[in-house]
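Engineer: Work out the full structure, taking the sequences as your base and the hints as a guide.
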Amino acid sequence: MWKTLHRIGSIGVVTEPAPRPDETLRVAERLQERIRATLGRALCIRVVDAGSCNGCELEINALNNPFYNIEGLGIRLVASPRHADLLLVTGPVSRNMALALKRTYDATPDPKLVVAVGDCGCTGGVFGESYASAGRVANLIPVDVEVPGCPPTPERILTAILTAISPAER
Amino acid sequence: MLRRWLADSSPLPGAPGVQHVAAAPETWQSLAQDVAASGGLLLALWAEWRPAPTVLAAFLCERNVIVAELALPGDRTSYPGLAGIFPCATRMQRAAADLCGIHAEDGDTRPWLRHAAWPADYRPLAPRQGDPRPAAPVVADDYAFVRVAGDGVHEIPVGPVHAGIIEPGHFRFSVVGEKVLKLEERLGYAHKGIEQRLAGMPLADGHRVAARVSGDSAVAYSWAYCQAVEGIAGARVPSRAEWLRALALESERIANHLGDLGALGNDAGFAFGLAQFSRLKELWLRALDAAFGQRYLLDFIVPGGVARDAAHDRLDALVERARGVAAEAAELRAIYDEHAGVRDRFVGAGTVAPDLAVRLGVLGLAGRASGRDHDLRVDLPCTPYTALDVRKQARTEGDVAARVAVRFDELAESARLVTTIVARLPAGECRAAMGPAPAGALGIGLVEGWRGPVMVTVRAASDSLIERCHPHDPSWQNWPALEHAIIGNIVPDFPLINKSFNLSYSGHDL
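Chains as they are written, first to last, in the working numbering: chain D, 1 to 170; chain X, 171 to 680.
Simulated from the structure, these hints should not be mistaken for laboratory data. Don't be surprised by glycine CBs; every beta carbon is placed ideally from N, CA and C. A hint or two may mislead.
Non-contacting residues of chain D with respect to chain X, defined by C-beta distances greater than 10 Å in every case (computed) [to be verified]:
no., residue
1, 19
2, 22
3, 24
4, 26
5, 28
6, 50
7, 57
8, 65
9, 76
10, 92
DSS-like, lysine-lysine: derived pairs with alpha carbons at most 30 Å apart [as the list claims (entries may be wrong)]:
no., chain 1, residue 1, chain 2, residue 2
11, D, 112, D, 102
12, X, 669, D, 3
13, X, 349, X, 669
14, D, 102, X, 669
15, X, 352, X, 669
16, X, 562, X, 669
Away from chain X, derived, C-beta distances all over 10 Å, residues of chain D [as the list claims (entries may be wrong)]:
no., residue
17, 21
18, 23
19, 44
Structural biologist: Structure below.
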């Protein structure tokens, strides 16, 4: 126990300041600002891997580490789409996952936001479209914000999430 | 026993110690039986149309790998299956039937990678198939799960969308109360047509797709792909590039083990472990970013060498970081070992006993936790592992605690290797030009990734294009082992046991 407490005390807080929203990532403007204000800083996110190579998942997982400390920003990754305000979706969307993704989207209560993560989620990436791959996330469900990268860094993913919930700058 | 087969074999280009044997329908099973009798394993089974229907199997033997090729005579599209000899062949045979329309004559005949998203008669890897996309319906199919009957038995279906940040797959638990009687996995949700995507690509470009077969093993896959292509094109990779590849591979192992050790602590109810190890992993990824310009080395290994050199001062900083991470991980190991709650969850959970591991052909890290000390870096080393004297890590308990212990030991060993590799890194070029590859040639790459042996085979077409590329992940062998590991455990221990294997969905589903 002493060793555990000693490590906690000696390492201290390593959390870094959150990035600023980035308007260039926004692809659609669907939510009214009033709703955004309500979602505000108590955002619940459901992650859906719709067929990725698992590279994006590694960086999404990193959002929980002490450096990015996403929970410190009031953002929680939740276990069910029924608890979620925002879907974080990685791709490409495999055809075997297309139905599950649509059902997950439908199970998420309105109003909802969707962030497509990674080159494959944004464009289909190296996998493109085929008998087995339906390509980008926007081919199946409406997408608000896209964050490219292979994989995008945790900071870029966090930027995309914060862009989705911040009012659009006009 | 294998000598008579090896007498008629020829070496395959690519990874060291690989022999090619031409089999016939009458000898195909007896070769597999001889491999099994001499303690060998089935590493992979796949099919090709070239243009005759052909089945291939790679066997991992004590001192070499044997690739057996069975060209089916006449218009035959079925072959004697190997599921009776190697149970892990079953799912690979089902996948070969789905993708190529070449069927085994034994075992389970249910579809595996094909759900309902494309027509049942469409074979993505067979010739003259057209394009099924416009007709592709999105419907749920009715998969024939094996049912468990009895008083009080009920089913818990989980997935394909899971509660955590993990890949898609379906688990069907049959339970009484909390106790698991049976787990049946249904995979294939992440199937995105990787093998069809690779067919027809230039040999010089395939490494980008190979690296994305399973993103957490990008270095292992891109290296295995390049080994195969360099073998058939006769390229001589500069020695600095070979050492940098090993540095990247050990770095990938460190990153994944750090991530798993934190997640395992968390799944045992010890959030402190996740916070500590995820901090170490982030520090390690930032050191990699500084040294190589990428946190995850997805595009570092390229045919002929590596994409870019790393500066000496950056590599020295990487070594410093590796030492620091190893020292802190050792401290955390002592905390895990002394924590009664963590020990209670780890010890005895999800056991795969050594004799079961032998029967199931469990590979890699999970195999080493169950008494099978195979490690390609020691058993069939390529350069620079021939000069590195890697120490194998193995346990025999086969439980979550053993898989944790193997990770701790391998983490320390990889940190040591990083130090050694940087200290002995040869000077010189880090990329060579690639020559043309002879059409029809088959090359093979074998790399011990963090999860286990990764295999990539490449057959060249004319004009330096890919005719057929087959990547194989050790998860194929280890997913069935998870079904056994959970039996008799309670449902709430499943996330912990699953994480202790941490198998790839994408690498398996292709």
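Engineer: If a hint holds in the structure, say so; if it doesn't, say that too.
Structural biologist: Structure-based check of all given hints:
1. 19: holds, 15 Å
2. 22: Per Cβ check, residue 22 of chain D is outside 10 Å of chain X; nearest 19 Å; holds.
3. 24: holds, 22 Å
4. 26: holds, 24 Å
5. 28: holds, 23 Å
6. 50: violated, 7 Å
7. 57: violated, 5 Å
8. 65: violated, 4 Å
9. 76: holds, 12 Å
10. 92: violated, 6 Å
11. D:112 x D:102: With Cα atoms ~13 Å apart, residue 112 of chain D and residue 102 of chain D stay inside 30 Å; holds.
12. X:669 x D:3: holds, 26 Å
13. X:349 x X:669: holds, 19 Å
14. D:102 x X:669: Cα-Cα ~27 Å, so holds.
15. X:352 x X:669: Holds, because 18 Å separates the two Cα atoms, which is no more than 30 Å.
16. X:562 x X:669: Holds, because 22 Å separates the two Cα atoms, which is no more than 30 Å.
17. 21: Residue 21 of chain D is indeed farther than 10 Å from all Cβ atoms of chain X, at 22 Å.
18. 23: holds, 25 Å
19. 44: With a cut-off of 10 Å, residue 44 of chain D remains clear of chain X, as the shortest Cβ separation is near 13 Å.
Of the numbered hints stated above, those contradicted by the structure are hints 6, 7, 8 and 10, listed in ascending order.
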